[in-house]
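Enquirer: Which chain is which? The protein sequence lines are E and A, in order. Everything in the first sequence is counted per this note's numbering, starting at 1 for the first residue and increasing by one. Everything in the second sequence is counted per this note's numbering, starting at 113 for the first residue and increasing by one.
Hints may be right or wrong, so weigh each one.
Take a look, some chain A residues computed to stay more than 10 Å from chain E by CB distance [to be verified]:
#1 Lys126
#2 Val131
#3 Lys154
#4 Ser155
#5 Ala184
#6 Asp209
Label-pair distances were calculated between CB atoms; the ranges are [said to hold, decoys possible]:
#7 Gly165(A) <-> Pro112(E): 50 to 56 Å
#8 Ala78(E) <-> Leu180(A): 32 to 38 Å
#9 Glu15(E) <-> Pro120(A): 33 to 39 Å
#10 Gly165(A) <-> His111(E): 38 to 44 Å
#11 Asp67(E) <-> His197(A): 46 to 52 Å
#12 Ser30(E) <-> Ser166(A): 42 to 48 Å
Simulated from the structure, these hints should not be mistaken for lab results. Glycine included, each C-beta is placed from N, C-alpha and C at the ideal position.
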Amino acid sequence: TQLLEQSPQFLSIQEGENLTVYCNSSSVFSSLQWYRQEPGEGPVLLVTVVTGGEVKKLKRLTFQFGDARKDSSLHITAAQPGDTGLYLCAGAGGTSYGKLTFGQGTILTVHP
Amino acid sequence: GAVVSQHPSRVICKSGTSVKIECRSLDFQATTMFWYRQFPKKSLMLMATSNEGSKATYEQGVEKDKFLINHASLTLSTLTVTSAHPEDSSFYICSADNNRGEGGYTFGSGTRLTVV
């Protein structure tokens with residue numbers, strides 16, 4: 001069974017602060033995805049990282065895939081209240097072919 | 113592109129009745145769809161993998177006779193919660209491989225089921 005440990009589970013910060021969310025596993029994934037979900041909605045894909053060591057930027061969001069493709073991080077610069085939501089990392093491939101392995105999720109609250 | 117439509121978004125049913133949730137891929141064909149269950153402020157739990165034209169594959173601990181899955185076409189999968197009980201109340205979400213490579217999946221908007 002593949003596991004993806006996501007931390008922290010809860011993050012409450014002030015507008016303008018920076019934050020980092022981590023996902024770690026002992027398993028290798030062919031790709032790792034980050035999703036954002038708002039209450040009552042389905043997750044929306046933010047980014048997919050595929051290559052070990054890859055870094056992708058999406059405005060104030062920076063995503064990194066570990067060299068060994070076992071871990072990933074999401075860094076948000078100058079967080080805004082609109083960034084509030086549940087952030088999920090999910091690994092694809094590995095031994096669970098065709099399925100996504102989800103982390104536990106990080107509930108981010110950005111206060112004005 | 114790659115839109116997944118899920119209906120209904122909310123449903124309230126009486127204990128003992130059955131509820132059907134539909135998941136449609138609107139602009140692509142999905143040979144495989146996935147059904148998840150999500151508890152408040154928690155991550156997604158995979159319930160089953162729905163395969164077009166064949167039986168669904170259920171995760172350990174998920175009752176296949178209670179959560180019936182039918183994937184009769186390349187654009188439609190349905191999840192029927194049979195003889196629903198209050199403990200089945202949850203947020204159910206489907207997803208499909210959007211065929212865009214890199215393991216990308218598109219999720220439906222979810223169904224909030226409340227069993228009273």
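Enquirer: Each hint needs a verdict: does it hold in this structure or not?
Expert: Hint check results:
Non-interface call for Lys126(A) relative to chain E: holds, since the shortest CB-CB distance, roughly 23 Å, exceeds 10 Å. The Cβ of Val131(A) sits about 18 Å from the closest Cβ of chain E, beyond the 10 Å cut-off, so the non-interface label holds. Listed as a non-interface residue, Lys154(A) fails to keep its Cβ farther than 10 Å from every Cβ of chain E; the least gap is roughly 7 Å. A Cβ of chain E approaches the Cβ of Ser155(A) within 10 Å, the least distance being about 4 Å, so the stated non-interface status is violated.
In this structure Ala184(A) is separated from chain E by more than 10 Å, as the shortest Cβ-Cβ distance comes to about 20 Å. With a minimum CB-CB distance of about 8 Å to chain E, Asp209(A) fails to clear the 10 Å threshold, and the non-interface call is violated. The given range of 50 to 56 Å is respected by Gly165(A) and Pro112(E), whose C-beta atoms sit roughly 51 Å from each other. A C-beta distance of roughly 48 Å is found between Ala78(E) and Leu180(A), which places it outside the suggested range of 32 to 38 Å.
Our hint of 33 to 39 Å for Glu15(E) and Pro120(A) holds, since their Cβ atoms are close to 36 Å apart. Gly165(A) and His111(E) have their C-beta atoms about 50 Å apart, which leaves the hinted 38 to 44 Å range violated. For Asp67(E) and His197(A), the hinted distance range of 46 to 52 Å is satisfied, since their beta carbons lie about 48 Å from each other. The beta-carbon spacing between Ser30(E) and Ser166(A), approximately 24 Å, falls outside the hinted interval of 42 to 48 Å.
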